[in-house]
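A.B. asks: The listed protein sequences correspond, in order, to chains A and B.
According to the numbering used here, the first sequence holds residues 829 to 937 in order.
According to the numbering used here, the second sequence holds residues 1194 to 1306 in order.
Hints in this document: simulated from the structure, not taken from any laboratory.
Any given hint might turn out to be false.
To be verified - Reference listing, derived: stretches of chain A covered by chain B, where coverage requires no fewer than 3 residues with Cβ under 8 Å from a Cβ of chain B:
{"hint": "1", "stretch": "865 to 877"}
{"hint": "2", "stretch": "883 to 895"}
As the list claims (entries may be wrong) - Sample of chain B residues with no beta-carbon within 10 Å of chain A, all distances over it, derived:
{"hint": "3", "residue": "R1237"}
{"hint": "4", "residue": "A1245"}
{"hint": "5", "residue": "A1272"}
{"hint": "6", "residue": "L1306"}
Quantities reported herein were computed from a predicted structural model and do not represent experimental measurements.
Cβ coordinates follow ideal geometry from the N, Cα and C atoms, glycine included.
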Amino acid sequence: GQNIDQPTEMTATEGAIVQINCTYQTSGFNGLFWYQQHAGEAPTFLSYNVLDGLEEKGRFSSFLSRSKGYSYLLLKELQMKDSASYLCAVRDRDYKLSFGAGTTVTVRA
Amino acid sequence: IAGITQAPTSQILAAGRRMTLRCTQDMRHNAMYWYRQDLGLGLRLIHYSNTAGTTGKGEVPDGYSVSRANTDDFPLTLASAVPSQTSVYFCASSPGQEADTQYFGPGTRLTVL
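This is chain B alone, in the form it adopts within the complex (with noise of 0.2 Å):
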């Protein structure tokens, strides 16, 4: 059982490209979830989805898109990367949003230049 896999692992994107992220699990988990990570700030939510079909807004939103099209994937699109965008970036699940614990990915580190 992999759990929950994200990917690239790493990646470096100029300025003004489009890049998505890709997370999947395999847990059949309701509730997925998009953080990014800064030195200093913490996680921070960018976007969620508590069932496949629905999404919502985190605390960081901008600049990013998510879409739920089944369970077990959740993408994150970052329509035209800017620099303020370098992050390492986490997806987590959850049985439901009313779990006591999130189950996070391991990671992808983006840079974008």
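With the rest of the complex left out, here is chain A (with noise of 0.2 Å):
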């Protein structure tokens, strides 16, 4: 099985950068994903690790640290629509994702 584990909430300003921690305990590591969920909307696919490292997606990047079962989304250049839930996923050797409880990420103008 998966422990997964996030912060709850994080409040940032306009214009700022924002990291948000995640760090897991698996019996299979096959990958991690992080996904973005605004308020009452599905959850939409932000990033995908699965060697260590940084990805890097415009204003988003993902870091993983395999030997750590740590990863981090850095979210930069905060605008007032990223202000939603971001949902760290860990895939098992079966494919199967568990998902931490999410992080709710507030923006101030």
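Put the two chains together into one complex; each comes in its own frame, and the hints tell you how they fit.
C.D. replies: Here is the structure:
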């Protein structure tokens, strides 16, 4: 099984940078995912890491360290529309996803 | 292209009633999934199907059943609903189980009284 921990809430100012940490314990690691979910909507895919290192996609970057069971999602140049929940998910060797409870990010003007 | 659709959008159901949540995708994806999302618990996998004709149990399968008669449809049935099944249900699909993302439907908000 998986144990996935991420902070419950974070608040940041428009234009700033926020880093959302995710730690996990897994019986078999096969990739880590980040999803964004606006209130009342479906999760949408942001990033995928399977090897150690940083993956950059525009204002969003995701980092993975498999030896430490650690990932973070970095959101740069925050915009009001970035206010949402961010879900960390770990895939096991059976290709099933386990999700953390999510981090609610509030962007203030 | 609709992607993934779910029906109904929301439903209030009396305990003990039978209910089927519908999920249809038009992307010809092989793998499909059902999750429930509860406050503070995140998304939890109920059942999945890696290809038409096969299904498997996820983390919280009790009280739910699924079928996968064809590629496009993956209905979730609650045989006898209980209040603890009050939740938001999301269907998702991916090209294959090894794909690097899953695509989620809009969700069904179910209340069991």
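A.B. asks: All hints are to be evaluated individually against the structure, with a verdict given for each.
C.D. replies: Status of each hint after checking the structure:
no. : hint       : in the structure
1   : 865 to 877 : holds (count 6)
2   : 883 to 895 : violated (count 0)
3   : R1237      : violated, 7 Å
4   : A1245      : holds, 17 Å
5   : A1272      : holds, 23 Å
6   : L1306      : holds, 21 Å
Checked against the numbered hints given earlier, this structure breaks hints 2, 3; the rest are met.
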